[in-house]
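Sequences listed follow chains A and B, in order. Everything in the first sequence is counted per the working numbering, starting at 1 for the first residue and increasing by one. Everything in the second sequence is counted per the working numbering, starting at 1 for the first residue and increasing by one.
Derived from the structure by calculation, the hints contain no laboratory data. Beta carbons: idealized from backbone N, C-alpha and C, even for Gly. Please note that a few of the clues may not be correct.
Using 16 Å as the maximum straight-line C-alpha spacing, the simulated EDC-like pairs for lysine to aspartate or glutamate come out as follows [to be verified]:
#1 A:Lys109 / A:Glu50
#2 B:Lys39 / A:Glu87
#3 B:Lys24 / A:Glu32
#4 A:Lys74 / A:Glu32
#5 B:Lys39 / A:Glu44
#6 B:Lys83 / B:Asp99
#7 B:Lys76 / B:Asp138
#8 B:Lys98 / B:Glu71
#9 B:Lys10 / B:Asp27
Simulated restraints on C-beta separations [to be verified]:
#10 A:Ser33 / B:Asp332: 40 to 50 Å
#11 B:Asp215 / A:Leu123: 33 to 43 Å
#12 A:Glu44 / B:Gln38: 52 to 62 Å
#13 A:Lys74 / B:His286: 48 to 58 Å
#14 B:Asp275 / A:His80: 29 to 39 Å
#15 A:Ser105 / B:Asn222: 22 to 32 Å
#16 A:Ser105 / B:His126: 27 to 37 Å
In case you want the letters, here they are:
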Amino acid sequence: MYPDDLKYSKEHEWVRINGSIAEIGVTLFAQESLGDVVYVDLPEVGSEVEQFAKFGEIESVKAVSDLFCPVEGKIIEINHEVIDNPEVVNTEPYGSGWLIKVQLSDPSKVDDLMDAATYESTLG
Amino acid sequence: MLTDGLQSPKKTPIYRTHLESNAKMTDFCGWNMPIQYQKGIIAEVKAVRGSVGIFDVSHMGRIEFEGSGAEYFLGKILSANLKALNLGRSKYNFICNKDGGIIDDAMVYRVGDERFLLIVNAGNTHKDLKWIASQAMDGSDCNMAVLTDKTAMIAVQGPKAVAIVDEVTHGAASKIGRFRIANVSFDGCDATLARTGYTGEDGFEIIVPADQGSDLWLLLKNSGAIECGLGSRDVLRLEAGLPLHGNDISSSTNPFEAGFGRFVYTEAPDYVAGDALIQLLSTEPHRLLVGFKMIGRGIPRPGLKILSCSPEESNSSVIGNVTSGTYSPTVDCGIGMGYVDRKYSKVGNHIVIDVRGRLVAAEIVKLPFYKPF
């Protein structure tokens, strides 16, 4: 449910670190709470994002939620698949439902995030 | 709602069955209701458009009026011509205040020569009853009974709804015509079947004694109906172009600017809103309720601003606001309703929705967004 190799934020985003690059998506809990995802708004490639700042929006049939970036850096890639087929966020939140890739400007800030067990314990 | 908010939410007679089906529950207008079941809102919308869905609508207010003075009394309160409402027929109508503002929208059914059933919105029931009580007179022969807590109500909607209800009622349902109501007994259950709904689809709203609500729910479910919650109900009614009180109509809007003048009859004797409505009818409304489809990527939501998109205006100005909006699985784009300045309200006009700072193009379209038949 919450893979051990990922880091988690309290806003229910996950981060997969690969060298100096962070892949980011929303957790299983987030997609279940949202319900059917029907729209994802992502930033331009090349833009800079601060840790825990808003980087986009995700909408279900019912409501809109902000997306917050768990890390700091430059956006180097966005997932066009989730723009065309937002339902992959529901079906594969940790796989093809990823949202953005960020070139980390300060990798030490990853330490501010939770491991899987800690994150899961916050869900109650 | 302030007083209701202090109490714990009410539960419908089908509540436990929803929990057994792992429904996601939410508090809605003082009731704890299913918002969606496990397969999600889109699957539920598709079930109703393609097959049949069931909704627990037991939270809606059910009020019965009986007596030789019932027609006169309701005529004072409702915008419907009750004299023309024959036995077993229904009419959509408004409960308007003395200024012509919409206190609630309702369905009225003539269920006896001197007996009427009024079905109102859950969140407005308390307010409606207060308004009705304020209009009551001594000495008139009209008894009122609130049936909400004594009964359960299930809406069965979709192209296969009539077939499935017909099966359950051993052939009684299909004898009831569109927008008609009748009492039907089957397997020891005394039910009232109204061939009405809030999805645009054919189907029934079935009222049974409270203790038989869950049994009927399970019977319909086991006959192939898909369980549906408030989330899909809201999408379906918007696709069908039906207004939601509190969003699209309210005590600060009148039936004419909402485009529902055809549901207003002002000639009933002593109709309390009559003078105000006749006055409103004689002037062109400044704003009109319109339906629109998104052209650009984005989903309209209630409260967002609507801007003009006229080529001769260099700066877009605010011309209205969104009152309902969602993603429509049936039309496969963002759809919404909102009030706009009358001069921008023509079908085909392009407008702009301010989606939290992102300006997205939309087009005014004819309602409904989707018409099943």
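Hint check results:
Annotation: proposed proximity of Lys109 of chain A to Glu50 of chain A holds, straight-line Cα distance about 11 Å (limit 16 Å). Between Lys39 of chain B and Glu87 of chain A the alpha-carbon distance is near 13 Å, which keeps this suggested pair within the 16 Å criterion. Distance check on the hinted pair: Lys24 of chain B and Glu32 of chain A sit about 10 Å apart at the alpha-carbon level, within 16 Å; holds. The straight-line distance between the Cα atoms of Lys74 of chain A and Glu32 of chain A is roughly 29 Å, outside the 16 Å bound, and the hint therefore fails.
Restraint check: the Cα-Cα separation between Lys39 of chain B and Glu44 of chain A comes to about 33 Å, which exceeds 16 Å; the hinted pair is violated. Between Lys83 of chain B and Asp99 of chain B, the direct Cα distance comes to roughly 24 Å. Violation of the 16 Å bound is thereby established for this hinted pair. The suggested pairing of Lys76 of chain B with Asp138 of chain B holds, with an alpha-carbon distance near 15 Å, which does not exceed 16 Å. Simply put, Lys98 of chain B and Glu71 of chain B have alpha-carbon atoms about 19 Å apart, too far for the 16 Å limit, and the pair is violated.
Using a Cα cut-off of 16 Å, the hinted pair Lys10 of chain B and Asp27 of chain B holds, with the two alpha carbons roughly 9 Å apart. For the hinted restraint 40 to 50 Å between Ser33 of chain A and Asp332 of chain B, the CB-CB distance of approximately 24 Å leaves it violated. Range check, Asp215 of chain B to Leu123 of chain A: Cβ separation about 36 Å, and the 33 to 43 Å hint holds. Evaluation of the 52 to 62 Å hint for Glu44 of chain A and Gln38 of chain B yields a failure: the beta carbon distance comes to about 37 Å.
Between Lys74 of chain A and His286 of chain B, the C-beta spacing of about 49 Å keeps the proposed range 48 to 58 Å intact. Taken as a hint, the range 29 to 39 Å is violated for the pair Asp275 of chain B and His80 of chain A, whose Cβ atoms sit roughly 60 Å apart. For Ser105 of chain A and Asn222 of chain B, the hinted distance range of 22 to 32 Å is not satisfied, since their beta carbons lie about 58 Å from each other. The hint said 27 to 37 Å for the Cβ distance between Ser105 of chain A and His126 of chain B, and at roughly 56 Å that hint is violated.
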